[in-house]
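Novice: Sequence:
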Amino acid sequence: MTRTLISSGSPFEEVAGYSRAVVQAPWVFVSGTSGFKDGQIADSEVEQADQALQTIAAALDKAGSTMADVVRVVVYVTDASYFQTVGPVLGKYFKATKPANTTIVCGLVDPRMKVEIEVTALKA
952 MTRTLISSGS
962 PFEEVAGYSR
972 AVVQAPWVFV
982 SGTSGFKDGQ
992 IADSEVEQAD
1002 QALQTIAAAL
1012 DKAGSTMADV
1022 VRVVVYVTDA
1032 SYFQTVGPVL
1042 GKYFKATKPA
1052 NTTIVCGLVD
1062 PRMKVEIEVT
1072 ALKA
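Take any residue in the sequence shown, count from 1 to its spot, add 951: that is its number in this note's numbering.
I should point out that these hints are in silico values taken from the structure, not numbers from a laboratory. A hint or two may mislead.
Here are the computed lysine to aspartate or glutamate pairs in the DMTMM-like style, where the Cα-Cα straight-line distance is at most 25 Å [claimed, not checked]:
hint	residue 1	residue 2
1	1043	1069
2	1074	994
3	1074	1030
4	1046	1030
5	988	1030
6	1046	1020
7	1013	964
8	1046	1012
9	1043	1012
10	1013	1030
11	988	998
12	988	1069
13	1043	1001
14	1013	989
15	1049	1030
16	1013	965
17	1046	1061
18	1074	1012
19	1046	989
20	988	1020
21	1049	1061
22	1049	1001
23	1013	1069
24	1046	1001
25	1043	965
26	1074	1061
27	1046	998
28	1043	989
Quick list of the computed label-pair ranges, beta carbon to beta carbon [said to hold, decoys possible]:
hint	residue 1	residue 2	range
29	1025	963	26 to 32 Å
30	1009	1052	16 to 22 Å
31	1017	953	32 to 38 Å
32	1031	976	15 to 21 Å
33	954	1043	29 to 35 Å
34	1034	975	14 to 20 Å
35	953	994	38 to 44 Å
36	1035	964	27 to 33 Å
37	956	1031	33 to 39 Å
38	1013	966	27 to 33 Å
39	1071	963	29 to 35 Å
40	1034	976	31 to 37 Å
All values reported here derive from a predicted model rather than from experimental measurement. Positions of the beta carbon are idealized from the N, C-alpha and C atoms, including for glycine.
My request is simple: use the sequences and hints to build the entire structure.
Specialist: This is the structure:
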């Protein structure tokens, strides 16, 4: 089986030795993705979740898949109360397909990060 590595261009991918996504047919695995864009991150968990999902959508597109192909979502939040505010953002992207979802309250590697999201999708 062929494995395809997808990069978002983040220099941290090289430093930490990972890929934004890995395609191993018939699956696409997208790494935990934060709300950073061009080195900047919004303060709001809602904006962070939306940016993370935009980055995920771009990785899926490079992999030949779409958000409609997502079968599992794992959401990491730093505060349990964020479940209420991040939920509608997830609904915006997944309302029609309703993938399996797990939400975990935890610490994240950068204190500015409030949300990190990873997904698994079928290759379209």
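Novice: Holds or violated: 29 to 35 Å for the Cβ distance of residue 1071 and residue 963?
Specialist: Check failed, 21 Å falls outside 29 to 35 Å.
Novice: Hint check: residue 1049 vs residue 1061, CA-CA at most 25 Å. Holds or violated?
Specialist: Not OK: residue 1049 and residue 1061 at ~29 Å, beyond 25 Å, violated.
Novice: Is the hinted pair residue 1013 and residue 989 satisfied, with a Cα-Cα distance of at most 25 Å?
Specialist: 19 Å, holds
Novice: For residue 1025 and residue 963, compare the CB-CB distance with the range 26 to 32 Å and indicate the outcome.
Specialist: Hint violated: Cβ distance 20 Å, outside 26 to 32 Å.
Novice: Would the hint linking residue 1013 and residue 965 be met if the CA-CA limit is 25 Å?
Specialist: 18 Å, holds
Novice: For residue 1046 and residue 1030, compute the direct alpha-carbon distance and say whether it is at most 25 Å.
Specialist: 23 Å, holds
Novice: Would you mind confirming whether the straight-line C-alpha gap from residue 1074 to residue 994 stays at or under 25 Å?
Specialist: 33 Å, violated
Novice: Taking 25 Å as the top limit, are the C-alpha atoms of residue 988 and residue 1020 close enough?
Specialist: With Cα atoms ~24 Å apart, residue 988 and residue 1020 stay inside 25 Å; holds.
Novice: Tell me if the straight-line CA distance from residue 988 to residue 1030 falls inside 25 Å.
Specialist: Judged against 25 Å, a Cα distance of about 22 Å means the pair holds.
Novice: Given the hint that residue 988 pairs with residue 1069, test it: the Cα-Cα distance must not exceed 25 Å.
Specialist: Between residue 988 and residue 1069 the Cα gap is close to 16 Å, so the pair holds against 25 Å.
Novice: Does residue 1061 sit within 25 Å of residue 1074, going by the straight-line distance between their CA atoms?
Specialist: 31 Å, violated
Novice: Range hint 27 to 33 Å: satisfied by the CB atoms of residue 1035 and residue 964?
Specialist: Holds - the Cβ-Cβ distance for residue 1035 and residue 964, about 32 Å, lies within 27 to 33 Å.
In this structure, the hints that do not hold are numbers 2, 3, 10, 17, 19, 21, 25, 26, 29, 31, 32, 34, 38 and 39, in rising order.
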